[in-house]
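Chemist: Residue numbers (our numbering), protein chains in the order written: chain A, 17 to 344; chain B, 512 to 1050; chain C, 12 to 113; chain D, 28 to 251.
Simulated from the structure, these hints should not be mistaken for laboratory data. Be aware that one or more of the hints could be misleading.
Coverage of chain D stretches by chain A, computed from C-beta distances (three or more under 8 angstroms per stretch; other residues unrestricted) [to be verified]:
1) 83-95
2) 168-182
Under the rule of at most 25 angstroms between Cα atoms (straight-line distance), these lysine-lysine pairs were calculated in the DSS-like manner [as the list claims (entries may be wrong)]:
3) C:K78 x D:K156
4) C:K78 x B:K792
5) D:K149 x D:K54
6) A:K186 x A:K124
7) D:K208 x D:K129
8) A:K63 x A:K124
All values reported here derive from a predicted model rather than from experimental measurement. The C-beta atom is built at its ideal place from N, Cα and C for all residues, glycine as well.
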Amino acid sequence: MPFFPEQASTFARNVDHLYLFMIVVTAFFSLLIATLVVVFAIKFHRKAPDEIAGPVHESGLLEIVWTVIPLGLVLIMFFWGSSVYFRITRPPANALDIYVTGKQWMWKIQHTDGHREMNELHIPVGQPVRLTMASEDVIHSFFIPAFRFKRDVVPGRFATAWFEPTKPGKYHLFCAEYCGTRHSNMIGWIYVMTPADYQVWLSGGAPGETLASAGAKRFTEHACNTCHGDQPGARGPSLAGLFGKEIHLQNGQTLIADEAYIRESIVNPQAKIVAGYPPIMPTFQGLISEEGLLQLIAYIKSLSSAPAAAGGMAPAPTPAPERKSSMP
Amino acid sequence: MTNESRRENYLNVRYGVKSWLLTTDHKRIAILYLIGVTFFFAIGGIFAGLIRLELLTPPGDVFQSETYNKLFTTHGVMMIFFFMIPGIPGVLGNFLIPLMIGAKDVAFPRLNLLSWYLYIIGGLTALWAVVHGGVDTGWTFYTPYSTVYSNDWVVVTAVGIFIAGFSSILTGLNFLVTIHTMRAPGMTWMRMPLFCWGMYATGIIQILGTPVIAITLLLVAAERLFYLGIFNPAQGGDPVLFQHLFWFYSHPAVYIMILPAMAVISELVTAFSRKPIFGYKFIAASSIAIAVLSFLVWGHHMFVSGQSVYAGLVFSIISFMVAIPSAIKVFNWTATLYRGSVSYQTPLLYALGFIGLFTFGGLTGLFLAALGLDIHVHDTYFIVAHFHYIMVGGTIMGYLGGLHFWWPKISGKLYPELWSRVSAWVIFIGFNLTFFPQFILGYLGMPRRYHAYPPEFQVLNVMSTAGASILGVGYVIPLVYFIWSMRYGKDAADNPWGATGLEWQTPSPPPTENFPTTPVVTGKPYDYLTAGEKEVAVG
Amino acid sequence: MSLKKPHAPRLSAYFGVFAALMAFTTLTVWAAYQHLGVWNTPLALAIAVTKALLVALIFMHLRYSPKLTAFVVAASIFWLALLIIITVSDYLTRPWLPIYGR
Amino acid sequence: MADAAQAVAPEAPRELRHHFVDLEAQKEASALGMWIFLVTEVLFFGGMFTAYVVYRAAYRRAFEGASNLLDIRLGAFNTAVLILSSLTMALAVWAASHGRRKLIVLFLFFTILLGSTFLGVKVIEYKQKFDHHEVPGAHFVVPEGLPRQSEMFFSLYFCMTGLHALHMIIGVGLLSWLVAKARRGEFTRRYNTPVEMVGLYWHFVDIVWIFLFPLLYLLGRHTL
Ligand code: HEA
Ligand code: HEA
Ligand code: CUA
Ligand SMILES: [Cu+2]
Chain A
17 MPFFPEQAST FARNVDHLYL FMIVVTAFFS LLIATLVVVF AIKFHRKAPD
67 EIAGPVHESG LLEIVWTVIP LGLVLIMFFW GSSVYFRITR PPANALDIYV
117 TGKQWMWKIQ HTDGHREMNE LHIPVGQPVR LTMASEDVIH SFFIPAFRFK
167 RDVVPGRFAT AWFEPTKPGK YHLFCAEYCG TRHSNMIGWI YVMTPADYQV
217 WLSGGAPGET LASAGAKRFT EHACNTCHGD QPGARGPSLA GLFGKEIHLQ
267 NGQTLIADEA YIRESIVNPQ AKIVAGYPPI MPTFQGLISE EGLLQLIAYI
317 KSLSSAPAAA GGMAPAPTPA PERKSSMP
Chain B
512 MTNESRRENY LNVRYGVKSW LLTTDHKRIA ILYLIGVTFF FAIGGIFAGL
562 IRLELLTPPG DVFQSETYNK LFTTHGVMMI FFFMIPGIPG VLGNFLIPLM
612 IGAKDVAFPR LNLLSWYLYI IGGLTALWAV VHGGVDTGWT FYTPYSTVYS
662 NDWVVVTAVG IFIAGFSSIL TGLNFLVTIH TMRAPGMTWM RMPLFCWGMY
712 ATGIIQILGT PVIAITLLLV AAERLFYLGI FNPAQGGDPV LFQHLFWFYS
762 HPAVYIMILP AMAVISELVT AFSRKPIFGY KFIAASSIAI AVLSFLVWGH
812 HMFVSGQSVY AGLVFSIISF MVAIPSAIKV FNWTATLYRG SVSYQTPLLY
862 ALGFIGLFTF GGLTGLFLAA LGLDIHVHDT YFIVAHFHYI MVGGTIMGYL
912 GGLHFWWPKI SGKLYPELWS RVSAWVIFIG FNLTFFPQFI LGYLGMPRRY
962 HAYPPEFQVL NVMSTAGASI LGVGYVIPLV YFIWSMRYGK DAADNPWGAT
1012 GLEWQTPSPP PTENFPTTPV VTGKPYDYLT AGEKEVAVG
Chain C
12 MSLKKPHAPR LSAYFGVFAA LMAFTTLTVW AAYQHLGVWN TPLALAIAVT
62 KALLVALIFM HLRYSPKLTA FVVAASIFWL ALLIIITVSD YLTRPWLPIY
112 GR
Chain D
28 MADAAQAVAP EAPRELRHHF VDLEAQKEAS ALGMWIFLVT EVLFFGGMFT
78 AYVVYRAAYR RAFEGASNLL DIRLGAFNTA VLILSSLTMA LAVWAASHGR
128 RKLIVLFLFF TILLGSTFLG VKVIEYKQKF DHHEVPGAHF VVPEGLPRQS
178 EMFFSLYFCM TGLHALHMII GVGLLSWLVA KARRGEFTRR YNTPVEMVGL
228 YWHFVDIVWI FLFPLLYLLG RHTL
């Protein structure tokens, strides 16, 4: 019987090492306490019914020792745990973009080239994958034990996260956040393929239109183009080249336009007003489905990248958004 | 019956249902709690049995998915809100605090009775929802599932918990005021039994945390009824805000569940090693430290929820810090046994079981507090194993240990020693067989709240179910012999264990007013060397 | 923990506090219409805190109560601050890292 | 309770419950209990204040715009009414501590009157909101020129003022109970704890309003 799930991503090993360290500490202290308790209980067993123990010799030194040693250990655990965590949070620059929508009770997956999958995800080995996830209803959680990867998908905002598979194979995909009746059926498979197999998979099946062109359709459907039409005197700013650009806001702040910002600009435009424009953009909260939002964003992103990026190994690699400040 | 046992005491001063249902005597109210708590534990336990039955095989073949979801929701709600939280405070706290500090009753006896009624009304309300279809949100009521998608019984359950919350608040308030204002002459803070310190710390959490869950559940109910949208993303609400408010209470609440058990253990360890507790001040202070720190760590339940990574860092480090006072307690208990005069009677068996299982369960909590690791194990059976180790292996062991220890005082009777030892061992073995495999399951990736699971997890699940059946038998044995002993048990002496503490200075069972005359305390607690006449003068 | 201190303020203090509360109410309404930039809310809150303090100290006799009472009140404010500040700090720090945790 | 009787020595005052040493200890316990109860109330409202802070920061313009739809005159009037009622409550406590039976009843009566006035005005305000379809839920109509999230403001407005009003209603009930007791002459210089305790509660409810008023009515008035 295995005690570990397969190690199939770059950080699986890091997580397992930390796990082993914790097991050692746990085993040590559990055995220590259990042994002491049993030994004391036997050794100092009451010999006569009216026996009374000697006085207690309190020891400040002992108290300090058993405060400081655990303190040191937990500090190690904290720094170790956090460093693994930060590795998991920081995506590399050349990630493959995948768009995921969670919905009671299925996972809908869209590739930028238009391939769509249901409860299955095909990815090439050795290629960092960046997920942009949204939920249409309740909270779900995208969980791949073999990758030691999990991320809640909270409705109302995007969850972005990444992993890099290291071993071809077929792995479980679970929904880990309770989401209603068929929560335990919201499962699927992750297929990690060799680059060659992946190419075969890509060329098979007829991808529909690309995500970006689906988004372009929505762009006119929702009349975004009336204000963001790039015509002179348009009421809204041009969206060409927006993604990854530095935006100056009316209140003096600046930020980098990423998916979350664009999403917020659509569902809650009043929150961040671009400098030089009036706050007239209506909110589209509740009017555009999550899948639609993902398509719109793919479209807006496509306005920034080289036009011929579709297809190929890593369609439309996204620039790694720079970090704003020198936080740890 | 001997003459001695016909002495007037709180059990025989008055008879009849009314004399119980309208009593304001803290000891009788404790008995009322004992009945209520046992009832809800049995319900929660039966639901646990059904959960384990379903999980015997990989496909969901015994129940419908909907039913299964209601099973674990009801199991969690009943066990947490109607068994664990009111358990030790309601039964042992009520019975013992006034006795231990030398008071005639708690500060507000009528309020105390009201607490019990609120508890029962809340529990029956929640049960009503179960009978009529039931909720399937999990005990955590995460939005927007609970507010927009699940069924309307969420409202009824939330109201039930809301009512029980007030019961918990009033109990905490009562204990705090009692400990502040009702101590007997000479009973200074540093002479107070550690049990009272533990209950004091529990009271702090109860009054500061419970109101927040009350308002949160009220908002959930209101949102469901009036479509408010405070937690509904479609209307601009943020589900993660709900999680913040929920865990602001529900993390400290786990210490409402463990502090009273720790308080019991502190008493048991000294009594059965006939030795003053090692590091009295450290144990007392660590209870307070746990109470305060417990309010700073709630976000460790939200590491993968999309909470800010920086908030995650802070919650992680403080979660590690809460482990330190717990560690201090464990080490001090162990040191108390050293050179004691240790007698292996049943309460001590439970106490030792507690120390071992709590240590292990607590240490697995550290796995979860480590950010990088929690990402993998969050919402898997690892979590389920962690909290059952602490709550079943810890709190229930403490509760049963305490119940055995004070049973002679409560009932005036002795329980059968052999059977009680047997059941302690059965529980210990059954428990470990049930929950240890779940750690492995969790790390292998089996998510919790899963009605059906992939076949490769079956072996471990079968072990777990087997353990649960043993565990269930283990719990029924004490239930039977406690009831049996009330009629057929031998009469207990006033101080059958030779323990110190004011509660052992009064007859078993105590008279209504607890002490013939107000006791005067002149020395430290647990002074076994000079116990008896000199230190605790009655009169 | 004794109640032997003077129990209550003089009668005139009640009327004084009442007058002050009314004056502050007028002030806060007036201030709400002024363009104070970011300071509108802090000012309104400062006035509210002052008013609350007056009610607590005089009307509720907090000034004349045992230290323990003051401690209890301080604890409630402290815990309220914990709830609000820690929760809000999550929201404030979410955008710091532009990838994850949004 | 009956089982109390035996322990109370013959000379013990009527109001002394059996398990306390003397009246002073009893009063001390009640006061501490009441203050601790108020602590729980602070955190009870605290949950909503937290939600308010979070959403106000997220939807600033919606909140400011929606706040301007509240009637500031009614709000300010109610604030004054409540402050006045706090004064009469404080005077009632003063009267009780001097054993002035008639005055206790009078001041309590005024407090009830003012409390009811407050509730009456609240009813008017709620009615207006219903008429204007500004009540969140199925019939909510997004006010002209405001972002959709103004609904959130009204959700919080109704929750916060609604629970505050509920506390007022309970307060009025308690005051009526006190009036009945006071008329029977139950409060004396020596024993007046209930008046004091209800007083604490009433002042607390006033304090909650002192914060609700600027937070709900006074946002964004200067942007008008
Ligand atoms: C009584 C109940 C109880 C108690 C006391 C605890 C105690 C602790 N818990 Fe647990 N916990 C729960 C009940 C409890 N928990 C429940 C019910 C859940 C799940 C809720 C749900 O989602 O449904 C949960 C979930 C939970 C999580 C969230 C996991 C997730 O969902 O992803 C985390 C994360 O940090 C955590 C951590 C801890 C820690 C660090 C402690 C610490 O306090 C433990 C401290 C104790 C020790 C450390 C042992 C003694 C120490 C020694 C003998 C010395 C050696 C010490 C060192 C080396 C430090 N718990
Ligand atoms: C104090 C709390 C407590 C206690 C004591 C228990 C006790 C047990 N729990 Fe539970 N459990 C929780 C709190 C608790 N649990 C919580 C909070 C959850 C999470 C819920 C959620 O996800 O929302 C959970 C979830 C949970 C799960 C996960 C479900 C899932 O995620 O899908 C499982 C699975 O095995 C389980 C099993 C058990 C078992 C076998 C016991 C055993 O220890 C029970 C043994 C007891 C008995 C078998 C009853 C004994 C019988 C009697 C006393 C009287 C008999 C009756 C008559 C004579 C009529 N529990
Ligand atoms: Cu989706 Cu669980
Ligand atoms: Cu926790």
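Chemist: Could you run down the list of hints and mark each one as holding or not?
Modeler: Hint check results:
1. 83-95: holds (count 5)
2. 168-182: holds (count 3)
3. C:K78 x D:K156: violated (45 angstroms)
4. C:K78 x B:K792: holds (24 angstroms)
5. D:K149 x D:K54: Violated: K149 of chain D and K54 of chain D sit about 35 angstroms apart, past 25 angstroms.
6. A:K186 x A:K124: holds (18 angstroms)
7. D:K208 x D:K129: holds (12 angstroms)
8. A:K63 x A:K124: Between K63 of chain A and K124 of chain A the Cα gap is close to 71 angstroms, so the pair fails against 25 angstroms, i.e. violated.
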